[in-house]
Amino acid sequence: MFKSQEDINKFFETNFWNSEKVLLDNQSTPNGTKSSKAINPSNELIFKLLKLSGLSQKDVDIEEIRNTLKKQIQFINILQNIELTEKETFYDTNNARLLPRENTSLKYDNLLELIEKQKGSVRPSEISGSWKPTSLASKSMNGYYVLEHGQIKNRK
Amino acid sequence: MTSIANEYQLKCGLEIHTQLNTEKKLFSLAKNDPFGSISSPNHHVSYFDAALPGTRPILNYECVLKALKLAISLNCDVNLNSHFDRKHYFYGDQPQGYQLTQHYSPIASNGYLNLHSDIDNLDTPTKKINIIQLQLEQDTGMSHYDNYEKKTMIDLNRSNVPLIELVTEPNFDSVPQVIAFLKKYQNLVRRINVSTGNLETGAIRVDVNVSVGDYPRVELKNLSNTSSISNAIKYEYDRQINIIKQGKAAELLRYEETRGWNGYETIKLRSKETTIDYRYMPDPELGCIRLDYSIIKDIKKSLPISTDDEIRIFLNEPYNLSLKNAKLLCIQNGKNEYYTNGEVKKYYLDSFNLFREVIPPSFERDCKIIANWVINELLGDLNKLELPLKNIQELFPPTKFIEFIKLLQNGKVSNTGGKRLLFYILENIQTKQFKGNIDLQYLIQKLNIEIKSSVDGEELLKQCQSIIDNINNPKLIENIKSGKKKNSLNYLVGIAMRQTRGRVKPTEYQRIFKNILMIK
Numbered sequence: 001m002f003k004s005q006e007d008i009n010k011f012f013e014t015n016f017w018n019s020e021k022v023l024l025d026n027q028s029t030p031n032g033t034k035s036s037k038a039i040n041p042s043n044e045l046i047f048k049l050l051k052l053s054g055l056s057q058k059d060v061d062i063e064e065i066r067n068t069l070k071k072q073i074q075f076i077n078i079l080q081n082i083e084l085t086e087k088e089t090f091y092d093t094n095n096a097r098l099l100p101r102e103n104t105s106l107k108y109d110n111l112l113e114l115i116e117k118q119k120g121s122v123r124p125s126e127i128s129g130s131w132k133p134t135s136l137a138s139k140s141m142n143g144y145y146v147l148e149h150g151q152i153k154n155r156k
Numbered sequence: 157m158t159s160i161a162n163e164y165q166l167k168c169g170l171e172i173h174t175q176l177n178t179e180k181k182l183f184s185l186a187k188n189d190p191f192g193s194i195s196s197p198n199h200h201v202s203y204f205d206a207a208l209p210g211t212r213p214i215l216n217y218e219c220v221l222k223a224l225k226l227a228i229s230l231n232c233d234v235n236l237n238s239h240f241d242r243k244h245y246f247y248g249d250q251p252q253g254y255q256l257t258q259h260y261s262p263i264a265s266n267g268y269l270n271l272h273s274d275i276d277n278l279d280t281p282t283k284k285i286n287i288i289q290l291q292l293e294q295d296t297g298m299s300h301y302d303n304y305e306k307k308t309m310i311d312l313n314r315s316n317v318p319l320i321e322l323v324t325e326p327n328f329d330s331v332p333q334v335i336a337f338l339k340k341y342q343n344l345v346r347r348i349n350v351s352t353g354n355l356e357t358g359a360i361r362v363d364v365n366v367s368v369g370d371y372p373r374v375e376l377k378n379l380s381n382t383s384s385i386s387n388a389i390k391y392e393y394d395r396q397i398n399i400i401k402q403g404k405a406a407e408l409l410r411y412e413e414t415r416g417w418n419g420y421e422t423i424k425l426r427s428k429e430t431t432i433d434y435r436y437m438p439d440p441e442l443g444c445i446r447l448d449y450s451i452i453k454d455i456k457k458s459l460p461i462s463t464d465d466e467i468r469i470f471l472n473e474p475y476n477l478s479l480k481n482a483k484l485l486c487i488q489n490g491k492n493e494y495y496t497n498g499e500v501k502k503y504y505l506d507s508f509n510l511f512r513e514v515i516p517p518s519f520e521r522d523c524k525i526i527a528n529w530v531i532n533e534l535l536g537d538l539n540k541l542e543l544p545l546k547n548i549q550e551l552f553p554p555t556k557f558i559e560f561i562k563l564l565q566n567g568k569v570s571n572t573g574g575k576r577l578l579f580y581i582l583e584n585i586q587t588k589q590f591k592g593n594i595d596l597q598y599l600i601q602k603l604n605i606e607i608k609s610s611v612d613g614e615e616l617l618k619q620c621q622s623i624i625d626n627i628n629n630p631k632l633i634e635n636i637k638s639g640k641k642k643n644s645l646n647y648l649v650g651i652a653m654r655q656t657r658g659r660v661k662p663t664e665y666q667r668i669f670k671n672i673l674m675i676k
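The listed protein sequences derive, respectively, from chains A and B.
Going by our numbering, the first sequence opens with residue 1, and the numbers climb by one from there.
Going by our numbering, the second sequence opens with residue 157, and the numbers climb by one from there.
Extracted from the complex, chain B is given alone in its bound form (with noise of 0.2 Å):
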């Protein structure tokens, strides 16, 4: 008997299509720049591309190696003879009549990729998502449909473009899962260069499919990034489930069929009863692809770690990373046009790796010092000031960045001074006020930052004063005092700080608000 849980589990596949970086398209070698000539139509279009009588592909080899790398990343088993067929379809933008794809050989199978509670922040342990196959295939060219005019236009810029049609098995059973899945794949395809990864521009596209306990499934298309994916998987389960509580199940969930998104709901675009018959055949055109078995080793030396195991090394000994930090430096979102994080893991690194060289063994843990400094003090600097990455890099190199960290370890400037001795110095980089060497010493005497080795005792205990007296909230200063809000010291020393630009050290401070407000 099933139970309540079961007729009502969720089961979602994806079908994603990812439009390959290669430099020239896939069976011509015109340019492949479908999104970046979107405003010069029909600009990069060969005679073959635009399906002109007589014209034959050629299979251009950067698609099969990018291909296998992806593959190979997806633990694939790789297909080593593969061959097109044509799948026949008529529309506008497909001027062939057929979609040459790898419906019958694909060039890879049999594939997986896991998903971890802790690095993609899942409630579940790890998850195993298997992908049935990778083929290779032709995009179409682009339709726009011009409404007012009762037109179509067509723009061959993105006809015969590299896709990899990917499909994994209905292994998903929640949204957060499969948004996890697709955040994971980007990072793949980005790491491994073989895909700009965006949704936005339509570099890849998802179909996903849903269905509830074991009721055919429904294919949802037209799902153009990660909120219309959450939104409409949500939609149609609950259409799914409303359904079959109606007891119209049999009725009304009885085929497989297709609907689209349109922001709101699901709508249908197809049925059983109106699939479309491709006709498949093999290409006689295409020869197949053969391969060496050698090839698969020698494609999985030349690619990188996976960004699983890189987040693990950062997690521990000697980095000690938080899961944010190693996140950061490992995952490509693609989002921050300042700096990738390729150009970040390599200043951190550079940076570390100085820095041990310098530093004694027994402040091994102070290294934590350099991604405070690299991840939270520079990176927010470098977004506050618009300012990219490795425009620094020749004035304010790793070299430089580690005689900084120095002045901080040897008490020379405190926290605060050297937040704004970093911003002034990255303020006047963009700026370019600075010629040649930034000399650290001078700007600490023109900022006049440097900690004061001795302090004028009376004169401190006369400002700790000032301080309480003009913050004039006795119901603050009894708080600290009882114990109540310890954190609220820190606030009086921060004012006291500011005041003085961060010369004396907060410790100093800290002793005389105890002494005065008497406090333990």
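Isolated chain A, as found in the complex (with noise of 0.2 Å):
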């Protein structure tokens, strides 16, 4: 487990392993493990993901992006799949980060001094009215946001 900074520094300046490496090696198992099996996105999947992302859809290498997407696909699965041993499933999740958290126990007294503190320390935004939310929206009516109907009504 991570104690400091320093510690994580030295992790990632250490070479363990590389991707491709990954990716390769499970394409040669044999018979292929379900992470290793290739997905191939479609091209409207691929001009929906470039429309999400804001990026243009005219003049793109479509089977270039398609590799791309497929290797990042594969290397997720890979990485969903791989089983964890007892001493990598140690770590509390309740921390959640590289490293842990050192909160202490509240007590009824802590509880109570905590929130007559949060009291005053109110930030400029959280003032009722300080400021326009739907002022950053690209479309917005009579201070609410707008959507149009087919986006939020075809959620699956």
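Calculated directly from the structure, the hints in this document are not laboratory data.
You can take every hint at face value.
DMTMM-like, lysine to aspartate or glutamate: derived pairs with alpha carbons at most 20 Å apart: (1) A:3 - B:441; (2) A:139 - B:302; (3) B:339 - B:274; (4) B:340 - B:465; (5) B:524 - B:473; (6) B:424 - B:407; (7) B:404 - B:370; (8) B:404 - B:163; (9) B:453 - A:109; (10) A:107 - B:233; (11) B:306 - A:148; (12) B:307 - A:148; (13) B:453 - A:113; (14) B:456 - A:109; (15) B:339 - B:279; (16) B:575 - B:595; (17) A:71 - A:25; (18) A:119 - B:179; (19) B:225 - A:116; (20) B:546 - B:559; (21) A:139 - B:305; (22) A:71 - A:44; (23) A:107 - B:448.
Join these two chains into a complex; the hints should help.
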């Protein structure tokens, strides 16, 4: 487990593996495991992703994007399917980050003090009416954000 | 072999979302006022609530305190190390693209709430409802659909408002049990002041899981009030039984599904095939909530006694209230705009204690007079006059009320006269006619309601005879005489009392009527 920023730096300075090799190793698995099966993104999916990412859909090399995307999906699938050993699962998911959190346990008085203290720490954007959230939106009406019907009703 | 009863046994579980009534939101200190600010959309919105890039959540500890109060009141095991997860899904009223919730490590679990046959009006003995878990999470913004303009209008005032999600085990086997639980839960959240508890405003939102026998459950969503909840369960139960009877259960009740309620029928929203993968992950920006074990004991000490225990106290000595009156004092239904149950309870208890100080112990049983006059007469008048209880506290506090009760006890005024006097007092408080101390003696004289200490027997006899003559109903008189309709004698007494404005004791009139009609 990492104890300090130095530990983290040291870990990333050392080269244990590379992603190309992981992909190649998995491709060569006899009969192919689920993680190594290639997913071929369709043109429709690629255009949808380009649109969602705000990228141009004109004059793009679809095959190049498809190959890159394929590798990325494959790589993520491999990562998700790695069986963790007992040693690797001892990390406390409460921390959910590289360095452990060291927060102290709250007693009743601590909790009341924190509540009292928070009352005086309101930030400018938290004051009602101090800014106009819809001013940043491309579409708004009468103080509301506006979404086209199809966008919100056709979700899966 | 499954018996018929078991085969068709209804099983329900609840998932309840409760908005906490904290001053500020869950992960920002913007004002928490989703209902009050409905006409000012996007007014109470911080940068974080609108998910502006670069903003981070900061936990509001008032939400933790309220969640713990609820958890402990529901007899839960408190998790001394809970944390938040991100639940991903995309919807216009959720700008972050995920909801911060506590799916995997909730703040509390393994609780229960008992329903009792008498207090909760059930025809079964005590029913224990187990609570699986309680988790803190963010509310979403609100979507208003404008079908004419074909637009969805988004208001983020509700975004990041603190919610408690409560999940019960499927322990309910009848609709009245579900409704009783909800009423009890509403009262609880109001009593410990963690939520307004209103279904109508969306402060409490209920989803119900319904299944029959061992078939997979169907989740019913969008149930906005108790009648929708009750009707939707009944409809869904019948629908599932029909499917089973038609032999189509293997096909139509094979998988869990989610259905909505449109006021008439349940409609399929999602089935197993379209279940959303929420890609839960622990939130890396929020620390876990670590609590010291001592906090459980300290919060328990800060909580009021349970409603059930308080009702039992009022049912017994020295109060001896009826169940109806005890419930009126202890249960917060949030319906009356002129008084809260807490205000009535305080007025009653202050009056009761003052009364006990001034009457001898042998009159202990007469203490019921306080409940009768506070709950039946005073509250009735306040409702009639649309006068809030707090508005009478200055001129007609419990000390004055007891002065009034003593007039009744001493036989200075009759019940009829007392009712008239009380209404007169309250009416004049409302119209601000009274300035200072209310002089009850003066008012008795003014209203001419003082019971006469010596009455002219001849005059009363004439009055009673005239009443019998004027009624001109020989059948009624015959029935009174023969004892067929004993209560009708009180009808005659009532007429006489009204004529003399309650200045003559009812027992006096009863005696004379009996003499005239020759009743023993």
